[in-house]
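Mapping the sequence shown onto full-length UniProt numbering, position 166 (from 1) lands on 166, and the numbers just tick up by one.
These are computed hints drawn from the structure, not numbers from a lab. Accuracy of the hints is not assured; some may be wrong.
Taking lysine to any residue and the SDA-like style, the derived pairs with C-alpha atoms no more than 25 angstroms apart in a straight line are [said to hold, decoys possible]:
#	residue 1	residue 2
1	K146	E99
2	K67	G142
3	K146	N64
4	K146	P187
5	K147	D169
6	K56	E143
7	K147	R96
8	K67	P111
9	K67	L100
10	K56	D169
11	K63	G53
12	K56	A128
13	K56	S103
14	K63	Q170
15	K146	Q50
16	K56	Q117
17	K67	N129
18	K67	R88
19	K146	A62
20	K63	Q132
21	K67	P148
22	K146	Q114
23	K146	A49
24	K67	Q170
25	K63	A135
26	K67	E99
27	K147	S92
28	K146	D90
29	K146	Q132
30	K56	E105
31	K63	P111
32	K67	Q117
33	K147	A135
34	K56	Q132
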Amino acid sequence: MAMWDKIKDQAKTFQQSQGTRTGAGGSGRGSHGPLGGGRPGSSSGGSKAQLIGMFKSQLASAKNELKSGAYRDASMALCALVAAADGRVDPSERRRVEELIVSNEVLQNFPADQLRQRFNQHVDRLLANVEQGRAEALQVIGEAAKKPAEARAVVQTGMVVAGADGSFDQSEQQAIREACTALSIPPSEFGV
Numbered sequence: 001m002a003m004w005d006k007i008k009d010q011a012k013t014f015q016q017s018q019g020t021r022t023g024a025g026g027s028g029r030g031s032h033g034p035l036g037g038g039r040p041g042s043s044s045g046g047s048k049a050q051l052i053g054m055f056k057s058q059l060a061s062a063k064n065e066l067k068s069g070a071y072r073d074a075s076m077a078l079c080a081l082v083a084a085a086d087g088r089v090d091p092s093e094r095r096r097v098e099e100l101i102v103s104n105e106v107l108q109n110f111p112a113d114q115l116r117q118r119f120n121q122h123v124d125r126l127l128a129n130v131e132q133g134r135a136e137a138l139q140v141i142g143e144a145a146k147k148p149a150e151a152r153a154v155v156q157t158g159m160v161v162a163g164a165d166g167s168f169d170q171s172e173q174q175a176i177r178e179a180c181t182a183l184s185i186p187p188s189e190f191g192v
């Protein structure tokens with residue numbers, strides 16, 4: 001799919017801008033080197049896997065900077081929006097997303113029970129009242145806008161979770177776009 005190539009190019013551009021925009025405490029930022037490598041073949045599956053890998057690596061390189069409650073809470077709100085994007089969250093999907101969350105290298109900065117509680121709280125609100133739950137989740141996501149690096153990490157975390165099953169459908173893309181808007185980040189930066 002051309003969309004994944006576009007997102008991949010956006011991720012590379014973002015990655016390069018992170019390398020040049022280190023600012024305070026940019027330790028380890030230059031270590032992304034080998035990631036950009038050559039272009040994969042035309043296989044959209046390879047592009048998706050490479051993109052998700054790139055986001056995971058970018059997040060891991062910023063792990064020590066992503067310890068705030070705002071990042072944790074916004075990430076859990078976005079994971080819930082992505083999980084409930086199609087209007088339903090069955091128990092197996094909820095468990096699968098929980099496992100993705102608690103096994104995520106960066107999110108391991110936080111106790112697993114905190115992550116599960118916040119994720120499930122948002123999912124429950126979304127399932128009880130979609131509009132109110134979405135408004136509450138987007139408000140929590142917006143709290144991370146104060147720190148641009150954290151705001152982008154929230155979106156990357158949401159995209160890693162959304163793409164983990166090998167698909168990134170229209171409703172999940174819409175959830176990512178809404179999060180970008182709440183964070184004052186142009187959705188085009190992430191190709192959505």
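* Mind checking the alpha carbons of K146 and Q114 for me, to see if they're no more than 25 angstroms apart? => holds (22 angstroms)
* **Pair hint K63 and Q132, alpha-carbon separation not exceeding 25 angstroms** => Not satisfied, since the Cα-Cα distance of roughly 32 angstroms exceeds 25 angstroms.
* Asked: Is the straight-line distance between the alpha-carbon of K67 and that of L100 25 angstroms or less?
  -> holds (18 angstroms)
* Asked: Would the pair K56 and D169 pass a check requiring their Cα atoms to be no farther apart than 25 angstroms?
  -> It holds: about 20 angstroms lies between the C-alpha atoms, which stays within 25 angstroms.
* Does the alpha-carbon distance linking K63 and A135 stay inside the 25 angstroms limit? -> violated (28 angstroms)
* CA of K56 to CA of S103, is that 25 angstroms or under? -> OK: K56 and S103 at ~12 angstroms, within 25 angstroms.
* Hint consistency between K63 and Q170 [alpha-carbon to alpha-carbon, up to 25 angstroms] -> Not satisfied, since the Cα-Cα distance of roughly 29 angstroms exceeds 25 angstroms.
* When you check the alpha-carbon spacing of K146 and E99, does it fall within 25 angstroms? -> With a Cα-Cα distance of about 28 angstroms, the restraint between K146 and E99 is violated, given a limit of 25 angstroms.
* Can the restraint linking K67 and Q170 be considered satisfied, given a maximum Cα separation of 25 angstroms? -> Cα-Cα ~30 angstroms, so violated.
* **25 angstroms limit on alpha-carbon distance, applied to hinted pair K56 and Q117** => holds (23 angstroms)
* With a cut-off of 25 angstroms on the C-alpha distance, tell me whether K56 and A128 pass. => violated (32 angstroms)
* Given the hinted pair K56 and E105, is their alpha-carbon gap at most 25 angstroms? -> OK: K56 and E105 at ~8 angstroms, within 25 angstroms.
Hint violations for this structure: numbers 1, 5, 7, 12, 14, 15, 17, 18, 20, 23, 24, 25, 27, 28 and 34, all remaining hints satisfied.
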